[in-house]
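Chains as they are written, first to last, in numbering that gives the first Met the number 0: chain H, 0 to 393; chain C, 0 to 156; chain E, 0 to 140; chain V, 0 to 203.
In short, the hints are calculated from the structure, not lab data. Be aware that one or more of the hints could be misleading.
One-sided and incomplete, this derived list gives chain E residues near chain V with beta-carbon spacing under 8 Å [as the list claims (entries may be wrong)]:
no., residue
1, TRP12
2, ASP37
3, LEU103
4, ASP106
5, PRO110
6, ILE126
7, LYS135
Listing some non-contacts, in silico: residues in chain C with all C-beta distances to chain E over 12 Å [unchecked claim]:
no., residue
8, LYS10
9, ARG12
10, ASP93
11, ASP153
Where a beta carbon is used, it is the ideal one built from N, C-alpha and C, also for glycine.
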Amino acid sequence: MAKSVIPIGPYHPLQEEPEFFTLTVDGETVVDIDVNIGYNHRGIEKLSELKTFDQSTFVIERICGICSTSHPFAYTRAVEDIIPVEVPERAKYIRTTIAEGERVHSHLLWLGLAGHFLGYNTVYMWVWKLREEILDVMEILSGNRNNYAIFKPGGVRRDFNPDDIPLALRKIDSIVPTLNKLKKAIIDDPVLHARLKGIGILTREDALDYCALGPTSRASGVAKDVRKDAPYGAYDQVDWDMIVTQNGDVFEKVVVRVLEVFESIKIMKQCLMNLPPGEIDLNIKNIPPGEGIGAHEAPRGETFHYVRSDGTNRPARHKVRAPTFMNLPTCKSTVIGETISDATIILASVDPCYCCTERMAVRTSEGKRIYGGQDLIRLSQEKTQRIRRKMGIK
Amino acid sequence: MTREEILKDLKQRFKEDIVNFFDKSPKRVYMEIKPESLVKCASYIFKELKARFNIASGVDSRTAIEILYHFSLEYINLLVSLRVKLNRNNPQIDSLAPVFKGANWIEREIHEILGVDFKGHPDLRRLLLPDEWPKGVYPLRCDYTEWDKNAIRDRGV
Amino acid sequence: MSLTLRALLKSPWVFHLSTGSCNNCDIEVLDCLTPRFDIERFGMLLAPSIKHADVLLVTGSCNRKSAIRLKRLYEQAPKPCVVVAIGECSLSRGMFIHSYNCPLPLDKIIPVDAYIPGCPPKPEAIIMGAVKLIQKLKGTL
Amino acid sequence: MKLPKVRELSEAVKALLSKPYTSKFPKKPHQPYHNFRGQPIYNQEKCVGCLACEEVCPVEAIAHEDQVDPANPMRIMIHYTDTCIFCGSCEAACIADNEGIKLSTEWDLAFFDRKASQETIEKELQLCEICGQPIACKDHLKWIAEKIGELTYSSPTLYLTRLKSLGIVDENLISASRDYGRSDRVKILCARCRRESTLSTSTK
């Protein structure tokens with residue numbers, strides 16, 4: 000059969016960041032994939048050199064909205080590595096709380112979208128409903144639902160108000176029972192097992208070779224997590240576990256993320272309850288020349304920042320490495336050999352900023368067929384339906 | 000292996016290649032090497048020492064173009080940065096992409112934003128910049144100036 | 000008010016486009032669809048293609064690669080098409096005003112009818128912006 | 000296979016009996032939490048026009064315009080709503096006890112014309128009595144004079160401003176035009192004219 004090319008992207012009805020995938024398919028099987036990015040390129044590394052160290056925090060907060068604490072966290076750690084200093088205890092706890100809140104809402108967001116891709120719109124609506132509560136917690140604590148503007152080299156910008164903490168804790172507690180139910184529903188759902196087990200396998204060797212990060216690699220049995228390997232913030236003072244599974248298929252990635260949500264909630268609660276008193280900021284005045292490296296385990300994997308200072312009040316060079324940059328190329332080893340209807344969820348399983356299109360064309364040997372925008376998702380949803388019918392579940 | 004053993008081993012093994020060795024802190028080591036021995040050093044660190052390749056970062060420091068390859072050794076919580084300095088007029092270096100796949104994209108990125116030529120890279124296409132971006136203009140070089148005459152740099156009202 | 004515009008305002012279908020945003024505004028737009036805000040109450044629906052849509056929601060700072068596609072999309076849109084800019088990036092490029100990859104603000108590329116500031120705007124602000132826009136088009140504001 | 004069915008059914012029954020989750024938003028006004036970061040608003044009384052907020056703003060959302068008309072010198076502080084990212088840097092940097100500009104909880108900011116998307120306040124400006132260039136806002140000079148206390152009397156610019164504000168020196172006192180002599184020193188001067196008048200006592 001003749002090989003054909005499916006362009007996916009850059010714009011997709013479900014939106015998220017634009018990206019352009021070119022799938023080469025042979026019949027229904029994907030034989031090659033190419034990714035074209037750059038629709039979101041805003042030259043942040045250059046912009047950061049135009050701002051002062053303090054202002055840069057806001058620039059890099061806007062690298063990614065879902066990781067809007069991961070990047071400042073890594074950046075502030077890089078700047079603190081130049082000097083070097085240790086931030087005050089209370090600031091550490093505040094940072095950790097915000098970072099974990101972000102992980103919860105990011106994983107829930109992904110779970111909802113994955114549910115939508117598979118045709119489980121109930122999951123999508125449920126999970127996003129839970130997510131609202133976490134966003135409320137963030138608004139109570141930091142003043143905004145996203146983009147918390149709380150990080151600062153040497154500490155944090157604003158303190159938690161002790162009066163708000165009980166309300167925040169109550170809100171966090173309120174989502175746990177529903178989340179538990181959801182966990183059970185996802186982990187022992189027979190259709191999800193049939194649909195997700197054994198597809199898009201990223202082997203341990205490939206995960207190491209592509210230098211994959213975060214849940215993508217932890218699902219493949221690579222037990223690496225910056226929070227455990229090189230503890231920072233309050234991560235060594237609270238009790239939590241690293242979630243690692245062995246198979247590396249899409250189902251395991253879902254499981255890792257769902258279980259991580261519980262760990263994050265655990266960390267958040269511990270941090271809020273044991274918030275130590277004291278200063279929140281070191282008031283760093285000037286930064287000596289030198290180089291610093293900061294890393295933070297973002298929801299998608301390790302965020303890595305390299306900052307060079309030349310003694311002025313602006314960074315001389317600021318390199319940002321987002322986790323998707325390393326994770327996305329793994330689709331080359333996971334998508335190839337699978338069918339197109341699985342491609343959606345596999346591409347989504349690394350939690351990239353995944354995107355589809357207004358139009359895609361599947362050219363088969365019979366001729367040319369043009370699919371409308373949502374057909375890729377429809378194909379995926381139809382497959383779930385087929386499996387359900389086969390298993391006798393209507 | 001402990002941290003000391005690894006550092007001693009690195010110093011011993013790459014005696015001729017190391018230009019400068021800077022032991023910054025317990026967690027950070029910077030190793031400046033000659034550009035021609037990059038593949039040798041990097042593949043040893045990646046394959047034998049089982050390091051994870053974090054990222055490479057290119058810096059234009061006005062006198063030379065520096066590329067730093069960051070490797071992290073999680074089992075001893077150490078970050079080794081290999082530094083190479085390239086000639087600013089004709090920056091060229093051997094590609095690491097054939098050695099491990101993780102280096103593929105970042106080399107494409109450095110190629111387009113700093114103009115470094117990676118010899119032996121399998122697929123050195125543009126990654127981020129648009130197609131109409133002029134050839135030979137590298138936005139992260141320090142002598143970059145605005146080339147687009149139509150660009151508006153105020154609020155535009 | 001023309002008949003098409005009147006029909007449009009009854010149940011505006013929106014198409015959402017991210018032109019190099021940080022994702023927050025996109026997610027807040029999606030949030031409007033989820034149970035707490037549920038904008039389908041007002042007859043608004045997220046359309047899968049611009050050809051089915053009456054309202055174009057634009058987020059992001061219009062970088063070079065997506066500006067071309069933005070123009071093309073606007074040309075494909077059935078007129079009248081109402082354009083709403085969401086978030087600081089699409090209003091004035093905010094943070095990215097000096098970025099080498101974001102040469103023009105959105106309203107220099109396509110005409111914009113309403114602006115919703117915020118970084119990101121709350122879903123309530125987005126809904127409120129839509130309500131204000133509808134009132135304005137109806138001529139009551 | 001049975002168990003999931005029961006679980007789903009019980010959820011369905013529960014959902015049927017409980018109130019709808021969706022907010023009644025446009026009908027019922029939305030009140031954000033008290034520390035929500037919304038539109039920053041200038042306080043005409045407290046702001047001293049020192050431009051610290053403009054200096055720290057990461058997005059250049061704050062600007063100023065000096066009107067050096069000798070009859071009515073004014074500094075217009077401008078805050079652009081369409082550029083602000085509501086980060087609160089301006090409030091944190093404000094020298095007037097963080098009250099000159101303050102984040103409000105205002106979130107409903109949609110507008111239709113970008114030219115009008117700005118907030119302004121006017122502050123009275125002090126001009127140099129020789130060259131006519133702006134020195135600082137009058138309130139800013141008063142603020143400095145109050146801060147440094149008795150040291151104020153080491154600088155004529157500061158003590159004259161202070162005495163004028165206290166009503167000891169006539170507000171409308173117009174100094175003689177430049178006489179290139181010693182009397183130049185007892186005037187409200189900008190840094191440059193102050194240096195010149197101090198260094199050159201002889202007539203030019």
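Outcome of the hint check:
1. TRP12: 19 Å, violated
2. ASP37: Since the shortest Cβ distance to chain V is 5 Å, the answer is holds.
3. LEU103: Violated: closest Cβ of chain V sits about 14 Å from LEU103/E, beyond 8 Å.
4. ASP106: 7 Å, holds
5. PRO110: 12 Å, violated
6. ILE126: Holds. Min distance 6 Å.
7. LYS135: 6 Å, holds
8. LYS10: Label holds. Min Cβ-Cβ 41 Å, cutoff 12 Å.
9. ARG12: Given a closest Cβ separation of 42 Å, the condition holds.
10. ASP93: At roughly 29 Å from the nearest Cβ of chain E, ASP93/C sits farther out than 12 Å, so the non-interface label holds.
11. ASP153: Answer for ASP153/C: violated, closest chain E Cβ roughly 8 Å.
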